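Visitor: Sequence:
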Amino acid sequence: MKLTEWTMQEQEELIHFMTENSWPYHGIPHPAREMIEKAIDDGGYESDEVKTFWVETDDREKVGIVKLYDMQDEIPMFDLRIAERARGRGFGPRALRLICDYVFSLPDKKIRLEGHTRQDNAAMRKTFERAGFVKEGHLRRSWYSPKEDSYYDAVTYGITREDFESGKTTPVEWNDREIAASTDHQGRPPGFPEEFHSDRLLIRAPRVEDAADVYDALTYSHPELKEWLPFAKDKPTLEGVEDSLRGAVADFITRKDLRLHIYRQEDGAFIGSSGLHRINWDVPKFEIGYWIDTRYAGHGYMTEAVERITEFAVETLGARRVEIRCDTENVRSRAIPEKLGFELEGILKNDDVAADGSLRDTCVYSKVN
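Quick note on the numbering used here: the sequence shown kicks off at 163 and runs consecutively.
Since the hints were derived computationally from the structure, they do not count as laboratory data. Treat the hints loosely; a few may be bogus.
Computed Cβ-Cβ distance ranges for the label pairs, DEER-style [said to hold, decoys possible]:
#1 Ile237 - Val411: 57 to 63 Å
#2 Ala374 - Gly299: 49 to 55 Å
#3 Val530 - Gln234: 41 to 47 Å
#4 Thr169 - Gln234: 19 to 25 Å
#5 Thr478 - Gly503: 17 to 23 Å
Keep in mind the model is a prediction, meaning the values are calculated, not measured. No residue lacks a Cβ here, since even glycine has one placed at the ideal position from N, Cα and C.
From just these sequences and the hints, can you work out the full model?
Guide: The structure is reproduced here in structure tokens:
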């Protein structure tokens, strides 16, 4: 995928793109030809302040368009639009990463890049997050929709040069008045990143809106997961997944349990779930659990995720002990701690009950710091 600069010779193609697609979360969902023509004439797509690019696949299919504006400023903004036929195919996050590549490679050293969307535009919000952007603002009743003659909330996302160049995501510290406190009254860190990256993956805190992704993965992978995981013995339901996520979100906020969802950065595909469980903040120590959508097994994704989560636990949360426990017969699960240098400390005999009612032994692996 690449960005190709739009030229005035492509006026008709741009007009066709803007008028033949629907833009439900923009102020004008169905712009008229005259409106786009006037915007072009007024320099709305090409000027000292504005640059426009096609989003093209490797086969030169034009699947979107992006307009960068405030280009003379240290903090440009953008408007990204993906054609209706191309939505849901992972083009948005990849296009946004290309936009970042372009902006932060400019010779005048831009400080940051930002964008805005309507609060209920779930697809665009996921695009921001999968590209490493951070939610920085929530503006109540500030987005007017002429079609409904109604106001919606708006959200602002941004990425800094430092985060882009380091590959990290630094969340906003919303409780900034209390930032001086190093721990809460129960010895738990009051604030730490709720998402981070590995080479190929985005790893982040769970959200209730992840329910469809999780339900799809659990449903597809149920035949394999039910043998090893107690919660997967019964076929999942969407309602049950949503209830579980509400609990997981609450536990993350209170630091009781840190479930983590894993997405592929390349296209935003949900890979599986992991997390830091059975937490003892006094040590601190954690147990890493994990399951993967079987469609993505065999590519090293979960090994990569567990390695990064272990690093997060040690470097960010100060872990002195990290455990992984798994059934002795679960060869694939055992391979992960063994590849990552965890020590097999022991085998607990008759420690768990399998789906068929038989007793199973449990391996206990650990890394200590």
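Visitor: All hints, please: hold or fail.
Guide: Hints, one by one, checked against the model:
no. : hint                        : in the structure
1   : Ile237 - Val411: 57 to 63 Å : violated, 32 Å
2   : Ala374 - Gly299: 49 to 55 Å : violated, 27 Å
3   : Val530 - Gln234: 41 to 47 Å : violated, 54 Å
4   : Thr169 - Gln234: 19 to 25 Å : holds, 21 Å
5   : Thr478 - Gly503: 17 to 23 Å : holds, 19 Å
In summary, the structure is inconsistent with hints 1, 2 and 3 from the numbered list given earlier, while agreeing with the others.
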